[in-house]
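Chains A, B and C, in that order, are what the protein sequence lines are.
Those letters in the first sequence? Residues 418 to 600, by this note's numbering.
Those letters in the second sequence? Residues 146 to 402, by this note's numbering.
Those letters in the third sequence? Residues 5 to 220, by this note's numbering.
Hints are computed from structural coordinates only; laboratory data are not their basis.
It cannot be assumed that every hint is accurate.
Just some of the chain A residues that point at chain B, by a computed CB distance under 10 angstroms [to be verified]:
1) 430
2) 550
3) 555
4) 575
In this text, all values refer to a predicted model and were calculated from it rather than measured experimentally.
Cβ coordinates follow ideal geometry from the N, Cα and C atoms, glycine included.
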Amino acid sequence: MSDRLMLLTYLAGVLLATSLHDLRVLGAGLLLTAALCGRALPRVLRRAVLAILLFNSVVTVSYVALSLWQGTFSPRYVLLVNLRVLLLATMTFLLAERFNPFRAFAFSPSLLFLTSLCYSQVLTLRRLFGEFRHAFRSRSIVRPGLRDLYRHGAATAAFFMRKSVSDAGEIARAMTSRGFFND
Amino acid sequence: MIELERVGYAYGGRTVLDELSFSMAPGEKTVLLGVNGSGKSTLLKILNGLIFPCRGRWRYKGREITARLLKDRDFSRTFRRQVVLLFQSPEAMIFNPTVFDEIAFGPRQLGLEDVDDRVRHWAGRVGVDAFLDRPPFDLSGGEKQKVCLAALLVLEPELLLLDEPTANLDPRSTGWLVDFLQDLPVTTLVTTHNLSLGAELGERTLVLSEEHRLIYDGRIDDLLGDREKLIEANLVHRHRHRHDGTEHRHYHVHQWK
Amino acid sequence: MHIPDGFISPKMYLPLYAVAAGCWAWAIRRLRRTLDERTIPWLAVLAALSFILMMVTIPLPGGSSVHATGICLLAVVFGVWPAFLAISLVLLIQALLFGTGGITSLPLNALAMGLVGGAIAAGVFRTLKGWNETAALAAAAWLSVMVPAFLVALALGLQPLIASAEDGTPLFFPFGVEVTLPALLLPHALLGVGEGLLTVLVYRLVRDLRREGGAA
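Just chain A, same shape as in the assembly (with noise of 0.2 angstroms):
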């Protein structure tokens, strides 16, 4: 399936499942996402589980509490959200593992570049600030206190915010030497 046709279809797939509210046809959605995770299955259903699990749980409890005290409680609201919300975490990381974001934006050359190419400073960037996070934990004998982890946010923060200057300088004329704007 190309790239593109499956974010179509990706997309479509949210709106449907937004869009309709019988237990019945979600839990069919899901199970159809499930089937075409294929080998998948697992790892796709732990992202998806854990992604959500925080905030589902906060808002489920909090809701079965509310609603048994004012006596509007509906259990299939519970199910419904709760399934709804798994449907589209499961259609979203089944998405993640499969999408190539580099046929599926060929359409526009511009977001093309622009998304691959913020997609690979985020990785190299993602590194280099664990490697920060590493360093503090490192070079920190007792634990840190309020000041210290605030000079350290601060630090990379600032550290960071002046690489991006400096890099977004290099790749440009790294692209302008590859001949890349000469429209």
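Dock chains B and C against the given chain A, drawing on the hints supplied.
Frame of chain A, contents of chains B and C only:
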């Protein structure tokens, strides 16, 4: 001092370290050679208690280092003072407003007296005493690294781990670092992918292969004579080049002068 | 705010997408005027920066911590429209590429945080900085957290009103504004203080940073 027993580490489904076993005695200066991606940084992070082995285990001074053990504040305090790591990017280590504060950070955390003297002593030893009032991010790469070194050594650690310390240094700074490390009476483990430099950084040499296993543990001189091992570890290369007018190919290393 | 998909009705997110799309088009047109070929790499880098800033943790007294947003810093240092586009892009990448979801809350977050939050931050800073720069920055940062929180609380709280079954049971988010407003505003008031402090500290370190395009 350190004992690794079949340590393995994997991340994202990929093996990063495989069946590593070796030990280090106090006072040893060891070099860990390996190409990029062989797992050197990961090993150092394990030895610094930042991540923990997926398989096998390792001991520091006889105690097995686990995540739980490091949660114990007293142990953690001792461990983090004794075992320090110089990261490959010095920027990742720096976060204080001045060089003085940066070096003083550790001693202050320990509540030591005479922080001022200690800081000035080590700043002088590495050569950054002229910058004590400046913000560290203003300095050059080599100077930042010196600040980080001072910040680590001011704790008087017992084990100094260095992750590719010469990777971004110019030749003069590299020379300085080599001399400095040799004179330091601290157990050190330095990683590098530069074979020629490896000989200068320690007598004992460990080699990590691209398959993430330890394929050599011994003296550097013997390693330099073992061409097969060097090729296996991707520490030497071969390409066309010229000697005195004739062109040929053979395995070699570009020598540092 | 990370809201999993399924809590906002299409009756809200579809119109919001329309509004957001208009704002994006407007922002792009404005940027094209000031920047040139450097627009795309700059936006990509800024978006990545936004991603990282959102990973920075703000410690709170008591040992817990929350994540920063960085909206005030981005808007004040780099400009409201670039910040808006950068945040929108990061939300898109998070939703589709990192699979953290949120495609239905994207227009809400982009408009509330990226546009309104950024605009308020820049406006408040510009207005108050003559009086006291630090206070101006802290106020700007605090508001850049509070106002979007208010808007999101409003959006969530409206769900039971705009999308309920015939028997009155909710279909999406179940609580009205009387619950969402305090539930969101109170914690964000605290988070805003932390964000303010962080913003002030960072600004001191990056004051000299020249902005790429936009008004200096």
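Hint by hint, here is what the structure shows:
no. : hint : result
1   : 430  : violated, 28 angstroms
2   : 550  : holds, 9 angstroms
3   : 555  : holds, 5 angstroms
4   : 575  : holds, 8 angstroms
Comparing the model with each numbered hint stated earlier shows that hint 1 is the single one that does not hold.
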